[in-house]
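Mind docking these for me? Both chains are given alone in their own frames, and the hints should help you get the complex.
Residue numbers (the numbering used here), protein chains in the order written: chain A, 1 to 303; chain B, 1001 to 1272.
None of these hints come from the bench; they were simulated from the model.
Treat the hints with caution; some may be incorrect.
[Claimed, not checked] With a cut-off of at most 25 Å between alpha-carbon atoms, the simulated DSS-like pairs for lysine-lysine come out as follows:
1) K39/A / K199/A
2) K217/A / K199/A
3) K1254/B / K199/A
4) K199/A / K301/A
5) K1172/B / K300/A
6) K1172/B / K1090/B
7) K301/A / K1094/B
8) K301/A / K1090/B
9) K199/A / K1003/B
10) K301/A / K217/A
11) K221/A / K199/A
12) K1094/B / K300/A
13) K1003/B / K217/A
14) K1003/B / K221/A
Keep in mind that this is a model prediction, so the values were computed, not measured.
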Amino acid sequence: MADTTADNPHANPARWLVVAVPYLWLLLFFVAPFLIIFKISLSDTAIAMPPYTPVFGGWAAISDFVSELDIENYLFLTEDPLYFQAYMSSLRIAAISTFLLLLIGYPMALAMARAPNSIRPILLMLVILPFWTSFLIRVYAWIGILKPDGLLTLALQTIGLMGPDEQVEIFRTDTAVFIGIVYSYLPFMVLPLYAALEKMDNTLLEAANDLGCPPWKAFWKITFPLSLPGVIAGSMICFIPITGEFVIPDLLGGADTLMIGKTLWTEFFSNRDWPLASAVAVVLLLMLVVPIAIFQNQQKKVA
Amino acid sequence: MTKNRLDATVLTLGFAFLYIPIIILVVYSFNASRLVTVWGGFSLNWYVSMWSNQGLMDAAWVTARVGLLSATFGTILGTLAALTLVRYQKFPGKMLFSGMIYAPLVMPEVITGLSLLLLFVAIGVDRGFWTVIIAHTTFTMCYVAIVVQSRLLTFDRSLEEAALDLGCPPVKTFFQITLPLILPAVISGWMLAFTLSLDDLVIASFNTGPGATTLPIKIYSQVRLGVTPEINAICTILIALVTLGVIATSIGTKRAEVRRIRDEHMALRTGS
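In isolation and in its complexed conformation, chain B is listed as follows (with noise of 0.2 Å):
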């Protein structure tokens, strides 16, 4: 009992560590004075001049369509790695693969950062939209494959191999098996690889050019003048989507899951 109770305390204290400065970042983005400490009643103002604010929209709008592009390309490269990391056994330069892989994961933005933006001008290449892109897209895809590699480490062969057996080729039975089992992953992986996008400051700002100012960028360069309660409304929008598409995503991969599993079953036992 005494341990339940020492448990309960140590969640109870680290999650309210973890929730406690968002929460009243939120709730202070109703607040109708400037000021963090006075409350000056509730207030949907802030939301009204964020609105209005041309330069944060502009920066929302790039914002979002560099995420959902190097999320979708990052999301198709990391699937081909993760194939790649389970499904090959061996081939020349396995090693240097799966660290490319990993080291992303760990490697300080400033130097991910510096060193591709010094391709980029080593190549001759105007930074810009699609610079971001590029980088975002390398950085995202190790993600992504960390996240369907697990997938595809628990991954059943069985029914792929029934289809290879009765002739279908490995392209067709890729979409037509493979991706469907493993779809839940990749969905989560281009979830995580969209947020990752939304909130890179470092990466960012090195390879960013003339009118491609990304969201976290705009926010950066306003939060270093001061806290202002724009900035709290912009950052509550952010986090409310966010919140809605992981508990969405984890909703709807858990019902595929269920689903998944029925299925299998299903075929497994009408093919014996």
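Same shape as in the complex, but just chain A (with noise of 0.2 Å):
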């Protein structure tokens, strides 16, 4: 931009409040708060309100501070396997979560792409709505369908498939947990694909097709390629917080669908061990540092 001199934020005063307020506003709310939980993810557990000893109380005494860090917590993390578990299953979840994603909502923001103009907006706000509608509210959805004396089972029956006495067996299993997180991510996937594609040069497509390269070998060689910003940022925006997940593997999931987002809320709200819970998130936010990272620089890309 021309003018770099005007934006320099310290010429005005209004114009460095512009910068400070929401600066400072995530230094606290967001930043600050990382720092606070890898700290208390260090203390001891304490049966008190709240429950754990206070790692803050005095910045002078900084010695006593640091002998009394522990990594207690990280120890116990490696000791009991179910932890391990639950972070490989995360990780084993979200992947095969996002590669079904991407196989369902590749075609679909293909064909929004490929779509006349004129039923584009349409077809753009029919993904956007379901975006917009509560997160829960769908899941719950899904619950009355997948439940053995639900409406599957009642189709299936109806149709002859499945003889009355039997019944589906998908609801608190991992692949109602699939099914959830397929519904719910779907237009976090398809948006970004989409954005990618429309804006394609289609005379790449009509050269290759007039040098008789076959469709198939056109999609891989151009169409693919061109599009993979999209499917980076789509994977990224699914697989990080799907990797977190709580609400789809608590109320689709059985007891043995282990993921690490349910442990951490067990750990906090059942348990109240404040500083394991803790020291979960960090791990958990340790092992999305990559992800997290190539899905900013991708979006620094795009703006």
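Quick look at the structure:
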């Protein structure tokens, strides 16, 4: 932009405030909590309210403070195989779900991008609308469908694919979790893919066609590589939050569905072990640092 | 032709997958029978019983207030953040700033919720109505920032520059020229922030306190006990409100967009 001098935030107090207000808000309510969670993950559990020994309480006593820190909670995470399994299972479920989302979302985004200009806004609206309706409601809707005496059983019995005594055994299994995740995150996958595919120059495909390139080959050589930024953005937007997902595995998954978001919730709300819950969160965050960095990089390029 | 038919099939199946569960949910809110699989005829019973369920209505009122306040704060902060991202070329810590805007968009809710709660405990703030509002403001402002940012990136600055050249103070220029031009994006940002707040279970659960039970927390505790048509009824009302809101804003912003382009043309023509 031309007037870089006028953009200097020090030039005018009002202009400086524009930066300072959101900056300080995010430092206080987004960054500071991460420092605190890291510190509390290093403190002992105490039977009190709040249920941990205070790590704060005197910035002067820094030496005391350091000697009080211990990695007991982290050691506990490595000792009990449950936590390791929960992390691995979360990553596995998130990876498989992201792949399924690409498999379903890509054809949809491609079909939308190839649709006539006149109906594209309507198609876009149809994808965005479920994104606005409550996550919890959409997960809840599947309980009525998937439960053993639910609508899917009824439908299959009615069309004769299932005997009157048989029931669908999907509810409270990993399959139900996958259905719930794919259903809830589909708009998040379709929108970035569509944004990438819509921008594509069709003359490239026409040229390939004229030169005798078969359509499937043109897809892999031209369409897919050009849509890669959308694929990466969509995959990260889905993969990262799915790894920490709580509502879907809790409502649709079974007792054996291990996901770290559920583990954290249980440690916090049921076992009231705040330091351990903090340690669980810190490890989850460290696991997601690389995907988050990829996502941010991608976003910066788009903006 | 075969390609078109394939595309049409893909879209039909995709949208069927997205919409059938919601349609079923809405249809069964009018079911006279308590059982999900039995259609007992049309009835508004569940809406009546929902209305007289004091706990549910209290939660709805809390959610409405939390949503209105946090969406408003989130929109103000988010718009400022968008201006910072687009208009301020370089300042110390800009990398950190854009990181703080993008990270909350993908951060798992359990991490955001827990870490913010620990902050409130550390600084000795009692959890309740206002802590939920602060939590919601923090994550919704990032969504607003993204929405407003995309509008600012395609913004024609000549009108703004004209006002500044004519001696209009920057703050006045913002309110008289910039804000009206980006208003459609600010309004859709507010709508998005409001629905995100309306929707949130996890972050609110960590940061709520006595007397500040929001609707998702209430719905969640009832859903865990099983499917009840009363929940279908309240869900149907929420879906109807959000759908109407989204359609109204999209029509409204489209009209404003048309008017804006016309005004811009007029202003530029009379100016030159």
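Is it true that the CA of K301/A sits at most 25 Å from the CA of K217/A?
Cα-Cα ~28 Å, so violated.
Taken at face value, is the distance from the CA of K1090/B to the CA of K1172/B at most 25 Å?
Holds, at roughly 24 Å.
Is the hinted pair K199/A and K301/A satisfied, with a Cα-Cα distance of at most 25 Å?
holds, 15 Å
Is K301/A close enough to K1090/B, meaning Cα to Cα at most 25 Å?
holds, 16 Å
Hinted pair K221/A and K199/A, Cα distance within 25 Å
Cα-Cα ~17 Å, so holds.
Is it true that the CA of K1094/B sits at most 25 Å from the CA of K300/A?
Holds, at about 12 Å.
Decide if the proposed pair is consistent with the structure: K1172/B and K300/A, CA atoms, cutoff 25 Å inclusive.
Roughly 30 Å between the alpha carbons, so the hint for K1172/B and K300/A is violated.
With the threshold set at 25 Å, check whether the alpha-carbon distance from K301/A to K1094/B stays at or below it.
holds, 15 Å
Between K39/A and K199/A, does the CA-CA distance stay at or below 25 Å?
violated, 46 Å
So if I understand the rule, the pair passes when the alpha-carbon distance is 25 Å or less; does K1003/B with K217/A pass?
The given pair, whose Cα atoms are some 15 Å apart, holds under the 25 Å limit.
For the pair supplied as a hint, K1003/B and K221/A, is the alpha-carbon distance within the 25 Å limit?
holds, 18 Å
Holds or violated: are the alpha carbons of K217/A and K199/A at most 25 Å from each other?
holds, 20 Å
Comparing the model with each earlier hint shows violations of hints 1, 5 and 10; every other hint is respected.
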